[in-house]
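Enquirer: Single-letter residue listing:
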Amino acid sequence: MSSVRLTVLYFASLRDAAGRAEETVQTDAPALRDLYAHLQACHGFAFPVERLRVAVDGAFASWDEAPRAGTEVAFIPPVSGG
Amino acid sequence: MSSVRLTVLYFASLRDAAGRAEETVQTDAPALRDLYAHLQACHGFAFPVERLRVAVDGAFASWDEAPRAGTEVAFIPPVSGG
Amino acid sequence: MRRFDLSDRPFDVAPLREALLDARAGAYAGFEGWVRDHHEGRAVVALHYDAYPALAAREGEAVIHEALAKFEVLDARCVHRHGAVAIGELAVWVGVSAAHRGAAFEACRYIIDEVKARVPIWKRESYADGDAGWKHPDEGAPRD
Amino acid sequence: MRRFDLSDRPFDVAPLREALLDARAGAYAGFEGWVRDHHEGRAVVALHYDAYPALAAREGEAVIHEALAKFEVLDARCVHRHGAVAIGELAVWVGVSAAHRGAAFEACRYIIDEVKARVPIWKRESYADGDAGWKHPDEGAPRD
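Residue numbers (our numbering), protein chains in the order written: chain H, 115 to 196; chain F, 115 to 196; chain X, 6 to 149; chain D, 6 to 149.
Treat the hints as calculated values from the structure; they're not laboratory data. Using N, Cα and C, we set each Cβ at its ideal position, and we do this for glycine too.
Cβ-Cβ distance ranges computed for the label pairs, FRET-style:
no.	chain 1	residue 1	chain 2	residue 2	range
1	D	15	H	184	33 to 41 Å
2	X	74	H	155	53 to 61 Å
3	D	15	H	116	43 to 51 Å
4	F	184	X	122	29 to 37 Å
With the rest of the complex left out, here is chain H (with noise of 0.2 Å):
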């Protein structure tokens, strides 16, 4: 299992709960299911991953996917626009 740097983007409620916008985390986690399980752990996210969506570099995608190096991963809450 080789570790990744990449960097993870927060948005509203995940950005106030980690106390900023974004941050560079190497990690050696199998899938981005599990990379959220360890930020969730560290900062106290009250969302169950089954309440977010995951994107890497702006494009939605699957929980199961490993996280790749030098990508831009977001967390996506519940949205509210409109």
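For chain H, the structure is supplied; the task is to place chains F, X and D on it using the hints.
Expert: Frame of chain H, contents of chains F, X and D only:
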């Protein structure tokens, strides 16, 4: 059966067929339905009464109503606003 | 207050729309019917709307009051042109304000559908080939 | 051509609407979402929209292209505010032009429903009592 004098208004293709926007009519028709039948024969209106509505003094009325003196009767062909 | 009007000249939608907006209104739905340059494949060069103004006003107001009663909306207005209308001009406008969007859309749709079906206004199209005619849609025909 | 935009300042609907109208367009349906002064009975004093612009642009364009494919419409646009928005300001606008009104209404409704459901934009309301909070609606909750 008394005879009454009233005004008839024509719109759209009925006006074209009648060659006028309104006319004063002296009628002893028992109902507005009969008044239309008479004027249809005079002017050669194509519409059967079933395709029209009738209005008296600016409000929709029943074809069974008796014509009343001094009123304004309008035959309303299928509308096409919008 | 009148909520349905006939206008014998071009009118501006902006002040009508603004009059419908207030701090309670989260949603505004609008509909505009424009004079097209064609109808069923024929080139249209001019358009004229005939109307029975007294009955149109009464029936138009009735339609809007039905919409205000049926749907959870704050206000609604409709203006329809009367007389000669040029290609590319606005023929009819409907605006509805509401707290929520569902009711705004439904009331707007209801008003334009009922106005087209019931309000005594008739369209006469003149075609590029010199022909012209009043539109008297069949009752059973699909509403357009 | 971009059909979905985020705007970080108030924008004027008039030129956007005009750009949608052409001689083929008989029908125009518009929707506007305005910032209300209340939400579920609480007085709202300020509003902020957060967005993930890259993904919002992609997802907003996808929604509009879906609408253009699903419904017989000529064109459609949507603009959504981003950042601080004052009470009484326009938060989102959708405009659709079509030959016929049914498709215009349906596409307009589709776009605002999908934008609200899918595009990564989040609303933070500040209340008169000093409280504030991000809106993260339950997935199963009725869409508003």
